[in-house]
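Trainee: Each chain, letter by letter, is given below.
There are 2 protein chains.
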Amino acid sequence: MLNRLYFEDKSQDLHKWAFEQIKDESLDIGYYNLPQQDIADILSFSSSLDDSIKTIAVIGIGGSSLGAKAIYEFIKPTKELKRNLFFFESTDPINIQNTIKSLEVSSTHFIVISKSGTTIETMAIFKYIYALQPDMKHYTFITDSGSKLEKFATKHNATVFLLPPNVGGRFSVLSIVGLLPLALSGVDIEALLKGAKDIKNSFFDNGYIQKILLTKATYYAKHHAKYHINCIFAYSESLTYFCQWYVQLWGESLGKRQRNSAFNVGLTPIGLIGPKDQHSFLQLIMEGTRDKSVTFIKIEDFENELSIPNISLEHLEDLDIINDITFSKLINMQCDSIIEAIENQKDIPLDRISIEKNDELSIGALIYYYELLTSLVGVLIDVDTYNQPGVELGKVILKQKLI
Amino acid sequence: MLNRLYFEDKSQDLHKWAFEQIKDESLDIGYYNLPQQDIADILSFSSSLDDSIKTIAVIGIGGSSLGAKAIYEFIKPTKELKRNLFFFESTDPINIQNTIKSLEVSSTHFIVISKSGTTIETMAIFKYIYALQPDMKHYTFITDSGSKLEKFATKHNATVFLLPPNVGGRFSVLSIVGLLPLALSGVDIEALLKGAKDIKNSFFDNGYIQKILLTKATYYAKHHAKYHINCIFAYSESLTYFCQWYVQLWGESLGKRQRNSAFNVGLTPIGLIGPKDQHSFLQLIMEGTRDKSVTFIKIEDFENELSIPNISLEHLEDLDIINDITFSKLINMQCDSIIEAIENQKDIPLDRISIEKNDELSIGALIYYYELLTSLVGVLIDVDTYNQPGVELGKVILKQKLI
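These protein sequences, in sequence, are chains A and B. Here the first sequence is numbered in our numbering, starting from 1 and rising by one per residue. Here the second sequence is numbered in our numbering, starting from 1 and rising by one per residue.
Simulated from the structure, these hints should not be mistaken for lab results. Check the hints yourself; a few may be wrong.
The list makes no distinction among identical chains, and a pair is therefore deemed to hold if it is satisfied within one copy or across any two copies.
With a Cα cut of at most 27 angstroms, we get these calculated BS3-like pairs of lysine-lysine [what the hints assert, rightly or not]:
1. K82 with K346
2. K101 with K357
3. K137 with K226
4. K401 with K329
5. K16 with K329
6. K155 with K137
7. K346 with K226
8. K399 with K298
9. K10 with K54
10. K346 with K401
11. K10 with K101
12. K401 with K222
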């Protein structure tokens with residue numbers, strides 16, 4: 001993974017301070033250590049799952065589904081996977097019905113994920129599916145130690161995996177929450193963690209990524225009042241759900257009251273997919289209010305030779321310039337052209353991430369890179385990156401309506 | 001369709017002025033008249049298409065695909081449609097390959113849509129598919145009168161439909177661009193236009209929607225410097241692509257330099273889906289910077305009786321409060337709870353749109369409502385709503401790279 005910044009920040013003191021804060025934080029916050037975890041249990045459970053199970057279905061919402069979905073949808077288009085992976089992540093009845101229709105309940109293993117064990121959406125869907133499939137062999141539960149869901153599962157002799165301590169939902173993709181469904185579907189989770197670990201080591205051991213992340217986070221924090229919208233512009237359809245994962249990570253971590261002030265602060269995440277969104281959001285970036293930073297993500301090697309045939313169409317001969325070019329070359333040329341166009345504006349903070357290809361190593365690295373960046377910005381804008389007090393009120397009101 | 005605003009604006013003079021501007025504009029800008037267009041040609045072409053054609057595929061990007069996709073994905077989950085509809089809207093080679101794999105070329109009718117006739121993405125994909133299917137009977141072209149693509153199609157005796165004058169891509173969904181693929185797939189385009197016409201009449205003939213739209217647009221324009229991010233929070237998975245259509249419409253129309261100043265202005269659109277995004281973006285709305293308005297969209301009647309079974313789970317008896325409730329009731333209670341939670345903040349501009357159900361009448365109304373709102377805000381922030389000069393530079397740079 002390479003990352004070129006088109007801006008700089010030379011506040012060495014701030015960099016040093018933020019780095020120390022992260023070192024402190026990493027002793028306590030659970031996600032930092034996930035790249036080195038022992039995955040023997042996951043691999044052994046995964047290889048023991050019966051071959052008659054053709055489909056894995058995650059029942060979970062938010063942090064319990066977005067991460068695995070991001071990785072699965074990134075890997076699936078280019079790799080023949082062992083099992084399909086489905087997600088039940090909405091109370092929309094039509095969506096639930098159509099998802100059920102697309103799988104066979106008897107050959108599906110369900111993974112019920114709720115950190116608290118009482119997430120309304122997840123438990124509502126679980127009840128519905130439990131009525132269709134009461135055999136507990138078809139379920140695995142992932143929850144916090146001591147939760148009511150753990151007690152329920154234990155009572156039924158169902159398989160339970162516990163979340164490691166101090167890993168929040170939106171930072172949980174590289175824990176059992178993401179690893180189990182991914183391993184069962186055939187994603188190489190060792191390579192995934194290896195990708196994350198490379199970034200971790202580079203950051204903590206004075207590698208290339210340390211300077212990049214400190215510069216970028218400090219720039220974003222210092223200019224948060226002006227550039228408070230942070231767009232990812234990814235040139236591959238396979239990064240669509242990665243963008244949704246990023247939106248949760250960024251928005252829910254960085255949008256809140258400061259720890260030591262009465263200020264509400266926040267950085268607004270936007271996920272865009274090129275070239276499609278050149279025909280949509282790009283106009284707003286190029287000519288709208290100067291309140292957005294843009295990070296381009298490119299896949300260097302699509303490992304795909306699909307090309308535009310050498311055909312000349314009458315009256316459309318001007319388009320012969322694209323003949324014989326591979327689509328992967330074309331899409332990356334489009335990305336480069338938009339980068340140049342934005343660079344030309346001078347006042348839009350811009351950077352470019354290049355990942356090698358659609359593999360586990362690349363997406364593992366990208367995920368850990370964004371987790372570190374989020375933590376750094378959180379430190380530098382003085383928020384508690386890991387809580388989400390703002391979502392509680394809606395839950396309380398719902399409960400009142402239900403009783 | 002009902003729309004409750006939780007804020008007010010009493011600038012009668014501005015309302016009157018904006019309404020007059022729109023009346024003037026509507027004599028010239030093409031989309032205003034689409035609800036009353038004659039669709040006899042479309043219906044007759046549609047009924048003449050051979051039954052051996054099982055699939056319709058749109059080759060188009062941006063305004064040439066987003067609108068039809070929004071409507072199709074809204075209708076499809078609840079209605080048995082005659083034909084599947086696919087979209088080729090990216091130069092991503094893996095996406096192209098996987099889309100091709102999911103259809104049968106010999107039983108597919110391709111609709112090639114490019115207003116200019118020379119859109120790089122569209123023509124690159126057309127060349128690729130043309131090499132697989134050279135029989136021109138399998139194609140219909142939609143383009144501007146006089147374009148090179150029209151000349152090519154005419155030369156090959158292929159079917160061509162021309163875009164009506166002065167209808168921009170992002171305002172073209174209710175023209176031939178959206179209507180043809182939708183009609184061929186079995187969507188009731190008469191009902192779609194009827195829905196749009198109801199909104200149009202209500203707006204222009206002093207109906208209920210006139211006051212609503214004038215109040216909302218004026219509020220957004222007056223407060224654009226503070227509330228410059230406009231979120232849609234839609235409580236149905238079927239509105240996912242509607243949100244993408246909205247993002248293009250809003251962002252590309254309203255993000256630009258003012259007509260009579262040097263200011264770059266812009267309102268940033270965000271599309272959210274509930275309840276999923278309660279576990280993601282909601283925290284940022286509730287506790288982040290106060291720079292966002294939120295519009296909730298609810299479907300009053302999911303016409304679906306799927307319900308949570310009356311099951312009590314050991315240790316999880318607290319959750320018995322959701323037993324026997326339909327999922328459609330639950331999702332709408334979730335929506336109401338979040339509305340109350342946001343209302344409680346006092347300083348977040350809020351409104352709620354209720355549409356009746358997943359049918360053509362409802363989505364036609366919703367689309368026209370948003371087109372009118374966009375035009376009104378455009379007038380009130382003094383931008384040319386219908387151009388997109390900011391996307392040209394990237395195209396020029398790409399062409400230089402290709403030559």
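Trainee: Work down the list of hints and note, for each, if the structure agrees.
Mentor: So, going through the hints one by one against the coordinates:
1. K82 with K346: neither (48 angstroms within a copy, 51 angstroms between copies)
2. K101 with K357: between (33 angstroms within a copy, 22 angstroms between copies)
3. K137 with K226: neither (54 angstroms within a copy, 54 angstroms between copies)
4. K401 with K329: between (55 angstroms within a copy, 11 angstroms between copies)
5. K16 with K329: neither (40 angstroms within a copy, 52 angstroms between copies)
6. K155 with K137: within (13 angstroms within a copy, 64 angstroms between copies)
7. K346 with K226: Answer is both: 15 angstroms inside a copy and 24 angstroms across each meet the 27 angstroms cutoff.
8. K399 with K298: For K399 and K298, the Cα distance is within 27 angstroms only across copies (20 angstroms; inside one copy 44 angstroms).
9. K10 with K54: neither (53 angstroms within a copy, 61 angstroms between copies)
10. K346 with K401: Between. Shortest inter-copy distance 21 angstroms satisfies the 27 angstroms Cα cut-off; intra-copy 52 angstroms does not.
11. K10 with K101: neither (56 angstroms within a copy, 51 angstroms between copies)
12. K401 with K222: So K401 and K222 fail the 27 angstroms test inside a copy (43 angstroms) and across (36 angstroms) alike.
Violated hints, listed in ascending order, are 1, 3, 5, 9, 11 and 12; each of the other numbered hints is respected by the structure.
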